[in-house]
Amino acid sequence: KAGVTQTPRYLIKTRGQQVTLSCSPISGHRSVSWYQQTPGQGLQFLFEYFSETQRNKGNFPGRFSGRQFSNSRSEMNVSTLELGDSALYLCASSSHPQGVYGYTFGSGTRLTVV
Amino acid sequence: GESVGLHLPTLSVQEGDNSIINCAYSNSASDYFIWYKQESGKGPQFIIDIRSNMDKRQGQRVTVLLNKTVKHLSLQIAATQPGDSAVYFCAESYTQGGSEKLVFGKGTKLTVNP
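Top to bottom, those sequences are chains A and B. For what it's worth, this note's numbering labels the leading residue of the first sequence as 1, then goes sequentially. For what it's worth, this note's numbering labels the leading residue of the second sequence as 1, then goes sequentially.
No lab work stands behind these hints: they were computed from the structure. Think of the CB as a built atom: it goes at the ideal place given N, C-alpha and C, for glycine as much as any other residue. It is possible that part of the hints are untrue.
[What the hints assert, rightly or not] In silico BS3-like links for lysine-lysine, alpha-carbon gap of 25 Å or less:
1) B:56 with B:106
2) B:106 with A:57
3) B:106 with B:71
4) B:106 with B:68
5) B:42 with A:13
6) B:71 with B:42
[Stated by the list, open to error] Here are a few chain A residues that sit away from chain B, every Cβ distance over 10 Å (derived from the structure):
7) 20
8) 26
9) 28
10) 41
11) 56
12) 61
13) 69
14) 75
15) 81
16) 90
17) 102
18) 104
19) 106
20) 107
21) 108
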């Protein structure tokens with residue numbers, strides 16, 4: 001079956017703009033989590049959605065938001081982009097909340113803010 | 001607090017040697033642990049997992065050891081190959097405030113020299 005699909009793969013934005021990233025989980029998976037990955041901070045949890053409800057949220061400012069649709073596809077949005085938002089954004093899907101039986105990750109969206 | 005760390009940020013081995021990647025975790029209530037491998041340009045990929053009621057689990061060329069007494073996790077890779085070059089992350093899972101948490105370590109970069 002198809003893996004986790006993230007679009008776009010690469011994105012360049014300027015400071016102050018907003019961006020929307022998309023994630024399609026593995027068919028049948030209802031949990032989608034988002035992570036930010038930077039060289040200095042590693043994998044930082046952003047939020048998790050399960051059956052269209054946000055279950056958990058990490059320590060990120062309100063500029064970072066997300067949602068999940070009835071088909072389990074998820075989007076995350078970052079408004080008023082800052083240079084420090086440059087990172088690899090990873091989406092992970094799981095059949096159970098919080099990946100407690102393991103996640104399957106997508107290849108990520110590389111966001112560069114200039 | 002959330003703290004899953006690695007003893008060595010980088011590890012360089014010769015092809016054919018065995019590799020050992022270590023991970024210290026801080027939450028004694030963690031009951032599930034996962035190792036992920038992340039190759040350049042890709043998302044993390046599940047390698048092997050272990051539950052807290054076990055101290056050893058073997059996969060194909062990989063073995064995970066869990067020492068709950070000292071809160072230590074290790075990943076052993078037998079006969080390391082160039083394709084094993086990647087960043088390896090450990091992750092611990094525990095329940096906090098009624099919801100499950102999955103916390104990742106910062107990663108160890110493994111380089112396999114031919």
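Hints breached by this structure
Failing hints, ascending: 6, 10, 11, 16, 17, 18, 19, 20 and 21.
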